[in-house]
Amino acid sequence: MKRRLSALFAVLMALSLLFGISASANPAVVSYGNSYSQTLTTGGYVYILPNAKTSGTSIHIAASSANTLRLHYYWSINNTSIDLGTAVVNSTNYNGGSGYYSAGTLVTVVERIPETIAAYPSVSYTISFN
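If you use mature numbering (1 follows the signal peptide of the UniProt record, and there is no 0), the sequence shown corresponds to residues -25 to -1, 1 to 105, in order.
In short, the hints are calculated from the structure, not lab data.
Certain hints may be false.
Stated by the list, open to error - Derived CB-CB ranges, DEER-like:
#, residue 1, residue 2, range
1, N54, S103, 26 to 32 angstroms
2, A93, S30, 36 to 42 angstroms
3, G8, S77, 19 to 25 angstroms
Ideal Cβ placement from N, Cα and C applies to all residues, glycine included.
Please put together the full structure from these sequences, using the hints given.
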């Protein structure tokens, strides 16, 4: 019994460590008018824009390759996340954006499109919020 508990504890610790490593891409708190650069091989990166404009936020991405990145937009309000949808960065100079009618925080997740990783192992981009 003691051996089983030790094995279970080891498995739980390994899983929590694995989750911690995979979720280690620290989110960046961003502001309007600034640019942020990143290189992704797999996974994604999170940008948090507090007090986002209810009239909408335009997002510009300059990427090293088209059709390799996907944006997922969320609106965070009163401890609730609202899924605003996704968009594929379909050019090397992409303009998009999102917004919501009630004041809150825009969370933008830039993630790799898994099917493109073999052809494009690493994609660099610069994102700006206006």
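TODO: Taking the numbered hints from earlier one at a time, note which ones the structure violates and give those numbers from smallest to largest.
DONE: Every hint satisfied by this model.
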